[in-house]
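Chain A is already provided as a structure; the job is to place chain B on it using the hints.
Number of protein chains: 2
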Amino acid sequence: MAKVKKQPRPKAETPKGFRDYFGAEVTQRGDMLRQIAEVYHLYGFDALESSAVETVEALGKFLPDVDRPNEGVFAWQEADEAARGDWMALRYDLTAPLARVYAQYRNDLPTPYRRYAMGPVWRNEKPGPGRYRQFYQCDADTVGTASMAADAEICAMLSDTLEAVGIPRGDYVVRVNNRKVLNGVMEAAGLLDPANPTAFEAERGIVLRAIDKLDRLGLDGVRALLGEGRKDDSGDFTKGAGLGDEQAAIVMGFMQAKRDTGSATVARLRELVGGSTIGGQGVDELEQIADLLGAGGYGPDRIDIDPSVVRGLGYYTGPVYEAELTFDIFDEKGRKRQFGSVSGGGRYDDLVKRFTGQEVPATGISIGVDRLLAALREKGRIGAAPSGPVVVTVMDRDRMGDYQAMVAELRNAGIRAEVYLGNPKNFGNQLKYADRRSSPVAVIEGGSEKEAGVVQIKDLILGAEMAKNATLEEWKDRPSQVEVPRGDLVATVRQMLDRQGR
Amino acid sequence: MAKVKKQPRPKAETPKGFRDYFGAEVTQRGDMLRQIAEVYHLYGFDALESSAVETVEALGKFLPDVDRPNEGVFAWQEADEAARGDWMALRYDLTAPLARVYAQYRNDLPTPYRRYAMGPVWRNEKPGPGRYRQFYQCDADTVGTASMAADAEICAMLSDTLEAVGIPRGDYVVRVNNRKVLNGVMEAAGLLDPANPTAFEAERGIVLRAIDKLDRLGLDGVRALLGEGRKDDSGDFTKGAGLGDEQAAIVMGFMQAKRDTGSATVARLRELVGGSTIGGQGVDELEQIADLLGAGGYGPDRIDIDPSVVRGLGYYTGPVYEAELTFDIFDEKGRKRQFGSVSGGGRYDDLVKRFTGQEVPATGISIGVDRLLAALREKGRIGAAPSGPVVVTVMDRDRMGDYQAMVAELRNAGIRAEVYLGNPKNFGNQLKYADRRSSPVAVIEGGSEKEAGVVQIKDLILGAEMAKNATLEEWKDRPSQVEVPRGDLVATVRQMLDRQGR
Numbered sequence: 001m002a003k004v005k006k007q008p009r010p011k012a013e014t015p016k017g018f019r020d021y022f023g024a025e026v027t028q029r030g031d032m033l034r035q036i037a038e039v040y041h042l043y044g045f046d047a048l049e050s051s052a053v054e055t056v057e058a059l060g061k062f063l064p065d066v067d068r069p070n071e072g073v074f075a076w077q078e079a080d081e082a083a084r085g086d087w088m089a090l091r092y093d094l095t096a097p098l099a100r101v102y103a104q105y106r107n108d109l110p111t112p113y114r115r116y117a118m119g120p121v122w123r124n125e126k127p128g129p130g131r132y133r134q135f136y137q138c139d140a141d142t143v144g145t146a147s148m149a150a151d152a153e154i155c156a157m158l159s160d161t162l163e164a165v166g167i168p169r170g171d172y173v174v175r176v177n178n179r180k181v182l183n184g185v186m187e188a189a190g191l192l193d194p195a196n197p198t199a200f201e202a203e204r205g206i207v208l209r210a211i212d213k214l215d216r217l218g219l220d221g222v223r224a225l226l227g228e229g230r231k232d233d234s235g236d237f238t239k240g241a242g243l244g245d246e247q248a249a250i251v252m253g254f255m256q257a258k259r260d261t262g263s264a265t266v267a268r269l270r271e272l273v274g275g276s277t278i279g280g281q282g283v284d285e286l287e288q289i290a291d292l293l294g295a296g297g298y299g300p301d302r303i304d305i306d307p308s309v310v311r312g313l314g315y316y317t318g319p320v321y322e323a324e325l326t327f328d329i330f331d332e333k334g335r336k337r338q339f340g341s342v343s344g345g346g347r348y349d350d351l352v353k354r355f356t357g358q359e360v361p362a363t364g365i366s367i368g369v370d371r372l373l374a375a376l377r378e379k380g381r382i383g384a385a386p387s388g389p390v391v392v393t394v395m396d397r398d399r400m401g402d403y404q405a406m407v408a409e410l411r412n413a414g415i416r417a418e419v420y421l422g423n424p425k426n427f428g429n430q431l432k433y434a435d436r437r438s439s440p441v442a443v444i445e446g447g448s449e450k451e452a453g454v455v456q457i458k459d460l461i462l463g464a465e466m467a468k469n470a471t472l473e474e475w476k477d478r479p480s481q482v483e484v485p486r487g488d489l490v491a492t493v494r495q496m497l498d499r500q501g502r
Numbered sequence: 001m002a003k004v005k006k007q008p009r010p011k012a013e014t015p016k017g018f019r020d021y022f023g024a025e026v027t028q029r030g031d032m033l034r035q036i037a038e039v040y041h042l043y044g045f046d047a048l049e050s051s052a053v054e055t056v057e058a059l060g061k062f063l064p065d066v067d068r069p070n071e072g073v074f075a076w077q078e079a080d081e082a083a084r085g086d087w088m089a090l091r092y093d094l095t096a097p098l099a100r101v102y103a104q105y106r107n108d109l110p111t112p113y114r115r116y117a118m119g120p121v122w123r124n125e126k127p128g129p130g131r132y133r134q135f136y137q138c139d140a141d142t143v144g145t146a147s148m149a150a151d152a153e154i155c156a157m158l159s160d161t162l163e164a165v166g167i168p169r170g171d172y173v174v175r176v177n178n179r180k181v182l183n184g185v186m187e188a189a190g191l192l193d194p195a196n197p198t199a200f201e202a203e204r205g206i207v208l209r210a211i212d213k214l215d216r217l218g219l220d221g222v223r224a225l226l227g228e229g230r231k232d233d234s235g236d237f238t239k240g241a242g243l244g245d246e247q248a249a250i251v252m253g254f255m256q257a258k259r260d261t262g263s264a265t266v267a268r269l270r271e272l273v274g275g276s277t278i279g280g281q282g283v284d285e286l287e288q289i290a291d292l293l294g295a296g297g298y299g300p301d302r303i304d305i306d307p308s309v310v311r312g313l314g315y316y317t318g319p320v321y322e323a324e325l326t327f328d329i330f331d332e333k334g335r336k337r338q339f340g341s342v343s344g345g346g347r348y349d350d351l352v353k354r355f356t357g358q359e360v361p362a363t364g365i366s367i368g369v370d371r372l373l374a375a376l377r378e379k380g381r382i383g384a385a386p387s388g389p390v391v392v393t394v395m396d397r398d399r400m401g402d403y404q405a406m407v408a409e410l411r412n413a414g415i416r417a418e419v420y421l422g423n424p425k426n427f428g429n430q431l432k433y434a435d436r437r438s439s440p441v442a443v444i445e446g447g448s449e450k451e452a453g454v455v456q457i458k459d460l461i462l463g464a465e466m467a468k469n470a471t472l473e474e475w476k477d478r479p480s481q482v483e484v485p486r487g488d489l490v491a492t493v494r495q496m497l498d499r500q501g502r
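Those protein sequence lines, which keep their order, are chains A and B. So in our numbering, spot 38 of the first sequence is number 38, and the numbers just go up one at a time. So in our numbering, spot 186 of the second sequence is number 186, and the numbers just go up one at a time.
So that you can see chain A by itself, here it is in the shape it has in the complex (with noise of 0.2 Å):
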């Protein structure tokens, strides 16, 4: 007999940067999924799965802040006999997909063609803490109109979104800006030349970049990297855009331009933009929006005219919107901090244009659910009780099919249930397995059990509360196991478990 040549062992290790979700936390992504999708197919959208796998070509550069193709996403070139194959890459987002598919069927779609969304996107990037190269997205996108009553219904969206999958008003604020207003501050502070556009790109860069990270430094960090550049606590220096006092009042005034309501944020903005064009016309579509909120009784409670929102793709071209949880939750040394932003969206009239050549408005948000869930576990809004089957042991390997049958009847009344399936001989594991499933209740019957036609039913959650705490008197008083008729077994499981509140 030949010999087989032996191999070393396979490492068993999920691929660095990626995780696997056991239990819980895949049912508790599933059902936030369902609850969004509920309210996405109320507004009138419709679901769309595209392939995880695109072409590089259809891809394009889209990606944020990576300059060479196919940098930053998970790419391989089709064999086939020349070895001129296509290149192919896993989707990094689900709009650039939207973009393809919209182009790909528009005659038969409807259009307006509202659409959501929802699935994992993969990112070739360094891995880090919490930061994951595969993650879901969930998407919703209204293709083939400018109207900004379709930006307004999608914040109404995102809003009542929030509110369905848990997140109570007054503990989020969804923020809207508009480019459009921002290139009118890039004019009125001689940062942009209609007629030269492509001049001050760099200085406009490091403003809006300055811009974003208001949250974190403050404004007079970000006043410092308007002019000649900041050092940071580690003394690095990041250069700054270079602004005069007076160019740089204009860009402060912007990021201040918030006031109370909509309409008077509106009025300071149009002070702001001057006569800047393309500034009039963002301020009016956020009048509009803002009217439109108002109109459907969204107040900024729920949604908020706010210049200080940016985003950092590209790719927007009009308003711009931000979902941000605004209650607090405390880090492990008792620190307050805030969890931020779980969605963001905006306009981006350029992207199908790629293919067909044709402007084609489109607008939608992105919500990251991963980051939202976190959210609510921290709240200890999701994830409170253990949800293992009941467990039937056995106690006689031969008459494993009277156990079945205890099961098949658990299970019938709606009850999860299992038979013990590992070795049998050690009652103590049969236990200890239980404990490791979260089983709320186990099922004994045993030989002399079979004979005088009762079983064992024995609550695992009381018996460990008890173990903790109870004295020999309340162990007396509340036995945390009854023996029953076998005929009773369902309806005293069904009382337990009713008793545990689940």
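Certain hints may be false.
To be verified - What the simulated footprint calls covered on chain B by chain A, stretch by stretch (three residues with Cβ under 8 Å from a Cβ of chain A suffice, anywhere in the stretch; the number is not a length):
id : stretch
1  : 42-50
2  : 163-175
3  : 279-287
Stated by the list, open to error - Facing chain B, according to a computed beta carbon distance under 10 Å, are these residues of chain A, among others:
id : residue
4  : Pro15
5  : Tyr21
6  : Tyr315
Simulated from the structure, these hints should not be mistaken for lab results. Where a beta carbon is used, it is the ideal one built from N, C-alpha and C, also for glycine.
Same frame as chain A, but now just chain B:
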């Protein structure tokens, strides 16, 4: 100003072999996955979502019918400085990742570990009609127990699952066989020598493939493949296993060993495997499964012992199962055909061993969700009624706030609704849009309606019906459009939807 170089426009195309799913295709699959997960959960199975990406090392060479590593998967090399990064790949099924996950987390997971997983898998194969390179699988497996009770449980759960998603009893059957019985038959036929297990490997392969084709070739066709070989209708010749008459008779006897009851089939199989130790083990295992299922009330109308089930995958080591839909469907030429297999699985005791060196028994099934959906659609059991939103048309562009208020009221009553967001100039386009959206109802409020405090509500389903069939008298008797006070909007739409049966 520098001229920007013109790049050719990217093609808007789904990559070859992939597809996009729209609307009901997405939500119906989501609903089915949810129904399946509910049954799995009731049986005590826990959700697992592993990363879509694995190292090629961890995936191994288990892809069926493929000899070279990396063949059949989408793989790429991680970039690092020395260009010597790990090879990564998209998972081709959900079983290989389970083996990796169990090996990795075995000290933290309960044993036995019951888990379910659902999601897309990817195969780098030549695309063909109806054959895609990304498709959904939905698996349930029990890892860490050799007990036949685990296999019986999986079969019972598969039966319950099919009924839960809408396949009534009698329209499906779960068929069970055992690889060890097959090996026993091979031994009895002189095709397997326990002392030299690699001898006759090629012949056994031909025999297995021949048995697997029984459905298509019939007994005579299989008999030919066991002997010299077989010429098909196109004249192509397939080489046979070269078995003598006596040898072939044993294999043919095995395929026809099915009797009316599980126990009769088991008895016949015991005769056929003769003195083979492994064959005797296999028959014992089949008997245990049959007994357990019988005790649970799962008769041969649901789960049946059937020696003709082989299953292609090389890694099965004991029981194998397959769920088949037994109802007839008719193709476009009116020819009757059967839908065939929608799920399969079995015991694979060696898969985790690759990582740990220790044998870890495991058993499970995979449901082909897309095939199952196709079957239910062909039977007309899902996807009949259109489910578009109520469309509120726009008669006056300046009163968008009024229209938004209407859809908000409708949504608050749980009615799917949207405002028309395209260019409202041409009212005909708005109704065409409503038609493309499969809208059940349209709402109209022009200037005169607004003044009079009324709205027009149009039953689009009834309207379409009437346009096809109705006489003038009927048009008058059953107006598809009604005028009601603005305050009655929601109630009237609700009534109309109820009358339409949605």
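Against the structure, the hints come out as follows:
no.	hint	verdict
1	42-50	holds (count 8)
2	163-175	violated (count 0)
3	279-287	violated (count 0)
4	Pro15	holds (5 Å)
5	Tyr21	holds (4 Å)
6	Tyr315	violated (15 Å)
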